[in-house]
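Colleague: The listed protein sequences derive, respectively, from chains Z and R.
Heads up: the first sequence at position 6 corresponds to 6 in our numbering, and the numbers run straight through without jumps.
Heads up: the second sequence at position 282 corresponds to 282 in our numbering, and the numbers run straight through without jumps.
Derived from the structure by calculation, the hints contain no laboratory data.
Since we're looking at a predicted model, the values are computed, not measured.
Check each hint, because a few of them may be wrong.
In silico contact screen, one side only, chain R against chain Z (beta carbon under 8 Å); selected entries [stated by the list, open to error]:
(1) Thr257
(2) Ser261
(3) Pro341
Away from chain Z, derived, C-beta distances all over 10 Å, residues of chain R [as the list claims (entries may be wrong)]:
(4) Tyr30
(5) Lys230
(6) Ala331
(7) Thr385
Each residue gets a CB set at the ideal place from its N, CA and C atoms; glycine is no exception.
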Amino acid sequence: MNENRRNFLKKTAGAVLGIGAGLPLGQVAEGALGKHPTDEGVSGSTQWAMVIDIKKCLGEEVRQACSEACRKAHNLPDIPNTSHEIKWIWTEEYQHVFPDQTHPQQATGVREQPVLTMCNHCKHPPCVRVCPTQATWRRDDGIVMMDMHRCIGCRYCMAACPYGSRSFNFRDPDPYIAKDSNGKLPSDYPVRGKGVVEKCTFCAERIREGGTPACVEAVDAIPGAKGALTFGDLADPESGVSKLLRKEHTICRRPSLGAEPSVYYIV
Amino acid sequence: MLENGFRGGKQYWTLVSVWLILIAVGLVAYSRQFSEGLHLTGLSRDVSWGLYIGQLTFLVGVAASAVMVVLPYYLHNYKAFGKMVILGEFLAIPAVLMCMLFVFVDLGQPTRVMNVLLHPSISSLMCWDMVVLSGYLLLNLVIGTVTLEAERKEMPPPRWVRPLIYISIPWAVSIHTVTAFLYSGLEARPFWMTAILAPRFLASAFASGPALLILLALILRRFTRFDPGKDAIAKLTTIVTYAVLVNVFFLLVELFTGLYSDMPHHVHFFEYLFVGLHGHTGMAPWMWVCEALTLCSVVALFTPAVRRNTALLATVCVAVVIAIWIEKGLAMVTVAFIPSPLGKVTDYVPTAPEVAITVGVYALGFLLLTVLYRVVLNVRDRLETTP
């Protein structure tokens, strides 16, 4: 569906709801949410995106390096109970990442191929649509951000995310963060409290300083794995991601849902 | 008028004490969950909503069902419900309160709950649910107390309360519709994403709510001087009968669409519900109990002998309430998470603290219900004893 029609329908739906309650109309479209204080300096002329080359990520050390770099950069806890894990970038089988691109005759090797997965930073994020406190929102530059100080921990976003990309702090993460011998945390990224939801933020804190996401930096440091993950600006036709998307056959996760992920895969 | 809640016999105070003890147990469990986090529950990454949100779903239905006595009485002047109306309205009040409490105990950061008011998001159905639930609570509180006060003074209720009563009728429908939209608008959960969810919720609400109301009326008749009247019980039984039937029909419609189309994304949930998926059969026994109870209830409700026999009718009402509790309080919410979007089948089993908190919230609701019904009975007793 084209963009105008889509927004029109959304606004109409919102207006119908809004009229009933005498509320200002047309605010329902995700873009109309108020600006978050931390959005200062964020511009809509940039559209961040990631291209993941599945073939280049087949080696376990490559994927491990990504997850480890992320773990350190964001003080992620190592929670032994897998059903309470905090995951920002991790590995799943191809058939689960791309359930719509799998068929019974597909080679087992392909179906079970390890694929890196993370928050897709969707253009129409269902998590943002449902959050009752605007604790998660889409920035003008396409990053779906999370305010862990505002989140009330209702987990509606977890129910709404079609990619399973959100984690909830079922307990205080602090005791489970690997610290060095002096008790120092791996990074100065704020440690979350219990009871809030978190997820990948495309390393917004590093991008602000002109850097690249920690996972991208980590794979680029591995000989032979350079280009496994490419991060850049979709709005810039000369950026790495734009060039790759023009040249390669790429797919994204569950396109039929219309969320429009900003994470693409070269199969 | 509310001082009437402090006047009661030994039975009354025993009942109040039972609720208070259960509330205390729930509070102890909640204080642990509050300080340690939701890891004390059976919830997980994959099944992130469970028993608490399930109770919200079930109780919204109970609250909404007050409309089944309000509508015939006020819109169609059906006099037989004269004594029941207040019971319906006063059942809705604790039911809505429990709904809100169940959302509250489910929060990871309950101290930040005011953020919903400080930074509301108009596109979030959870905000809308808060709006309609609070509104409905207020409506029933005002309507219930004002009409009872008028009854006490042996005067007709003030004219200004009429519009509120009329508003409360569509409002009751709205609370359950919005609660259904909370789920049915999520593309991530095909089990919920069906247009019939709201109608199904309403049908099951109009079965379980009036069934509960019949039970409460029968209990009151047994232990107090309250008599709802034969006609009122008979009419409510008819409402339960057809609501159960419509609910079964809606379920069959849903099953047909899901199973005949044979789309794996739809079929998996029903497999998990009724036969188990990848060896995970935790929910299946519950569902078969639910369906067996429903089937028996339908047959029984259409048998005149059962409808006339108080003990049998009460048993059927218990069966209806249990069946719909399994359907909405247990299965409806959790099954949508199984399998997860990443294909994982994770069983969900509530833990002891989780059950204790749930029982505690119910006890709080029933305590309020007990007190409110006591007020009604005392007001009416005095009317009958004073010439």
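Colleague: Take the hints in turn and mark each one as holding or not.
Modeller: Status of each hint after checking the structure:
| no. | hint | result |
| --- | --- | --- |
| 1 | Thr257 | violated, 18 Å |
| 2 | Ser261 | violated, 15 Å |
| 3 | Pro341 | holds, 5 Å |
| 4 | Tyr30 | holds, 13 Å |
| 5 | Lys230 | holds, 40 Å |
| 6 | Ala331 | holds, 16 Å |
| 7 | Thr385 | holds, 46 Å |
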